[in-house]
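Trainee: Sequence:
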Amino acid sequence: MLDNLISYFSTLDQRPLERMSFLIGGLLFFWIIEGSIPLLQLNYKKNKIKHAAVNFGFTIIHLIIHTFLAIVIIKISDWCIYNNFGLVALFKAETLASIVITFFVLDFFVGWLVHFTEHKIPLLWRFHVVHHADNNVDVTTGLRHHPVESILRGIFFFMGIFVAGAPMYAVMIYQTILIFATAFTHANISLPIKIDKALSYFFVSPNMHKVHHHFKQPFTDSNYGAVLSIWDRMLGTFLKLAPQEIIYGLDKYYPNDEDENFLKLMKEPFGKMELKK
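In the numbering used here, the protein residues as written are 2 to 278.
Rather than coming from a laboratory, the hints here were simulated on the basis of the structure.
Where hints are given, some of them may not hold.
Under the rule of at most 20 Å between Cα atoms (straight-line distance), these lysine to aspartate or glutamate pairs were calculated in the EDC-like manner [as the list claims (entries may be wrong)]:
#1 K46 / D197
#2 K51 / D222
#3 K51 / D197
#4 K268 / D258
#5 K198 / E246
#6 K76 / D14
#7 K198 / D252
#8 K46 / D252
#9 K47 / D258
#10 K253 / D222
#11 K241 / D197
#12 K241 / E259
#13 K273 / E259
#14 K217 / D258
#15 K47 / E261
#16 K93 / D4
#17 K265 / D252
#18 K46 / E259
#19 K121 / E95
#20 K273 / D252
#21 K93 / D79
#22 K121 / D222
#23 K49 / D197
#24 K268 / E246
#25 K195 / E246
#26 K51 / E246
#27 K49 / D222
#28 K49 / D258
#29 K121 / D252
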């Protein structure tokens, strides 16, 4: 079983269409679910399709950038394995342990650390604002990243692979789980409170991540995690807020009535944007 899993993910980076099917499948699945059990009543500017089209525009650019960055990721992984560099080599980790080490290291760098950094450095925050400006957070919001932010996230991915010394099969396993986790945590779905709370003790749950999209601080500067919630709990950035109290958007930095203006969202971070929080 494990051998088959490793064999499959070892070459997944060579099958971009198959990887794309995971993304599309996850989006469609949670799109259907959020239509059946919505967490909040969203008020789209025109309709859900128009809102999705704007976010998909950013998603396509994000995927194109990361397709090219994937070449570097493969090179880094191969170099680490060849030179016995990173935590996997240090601990002489076998297959399963390599997956676990890679998962935790990448989730820290790609999930928590890059996100925390974007909120704390004004120059990076102005690009991350594009993600937070969405007034209607749903499954399509997950990959709504400005191209500059997409590149930054790629750089932190490189850092994580170096630290872990991650083999490609472990990288692909994490990346696949991250795709589904991103769709899940952004989807406008209502889970039973007890299930959501239990889930949030170790994983990022939908309610937990929605707190991060609340327009007021300190809630905006909390719950940075992507897959695992342990980083926020360990590092003091975990906060709770009842779903009915959550209001999306960041009108202090970007006009709410322009949150679906694709060209403005692309250009605004390069202009005069108020950075003071």
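Trainee: Does each hint hold? Answer for all of them.
Mentor: Outcome of the hint check:
no. : hint        : verdict
1   : K46 / D197  : 29 Å, violated
2   : K51 / D222  : 29 Å, violated
3   : K51 / D197  : 29 Å, violated
4   : K268 / D258 : 16 Å, holds
5   : K198 / E246 : 17 Å, holds
6   : K76 / D14   : 12 Å, holds
7   : K198 / D252 : 29 Å, violated
8   : K46 / D252  : 15 Å, holds
9   : K47 / D258  : 11 Å, holds
10  : K253 / D222 : 15 Å, holds
11  : K241 / D197 : 12 Å, holds
12  : K241 / E259 : 28 Å, violated
13  : K273 / E259 : 16 Å, holds
14  : K217 / D258 : 18 Å, holds
15  : K47 / E261  : 10 Å, holds
16  : K93 / D4    : 18 Å, holds
17  : K265 / D252 : 14 Å, holds
18  : K46 / E259  : 9 Å, holds
19  : K121 / E95  : 37 Å, violated
20  : K273 / D252 : 15 Å, holds
21  : K93 / D79   : 16 Å, holds
22  : K121 / D222 : 9 Å, holds
23  : K49 / D197  : 25 Å, violated
24  : K268 / E246 : 31 Å, violated
25  : K195 / E246 : 18 Å, holds
26  : K51 / E246  : 26 Å, violated
27  : K49 / D222  : 27 Å, violated
28  : K49 / D258  : 15 Å, holds
29  : K121 / D252 : 19 Å, holds
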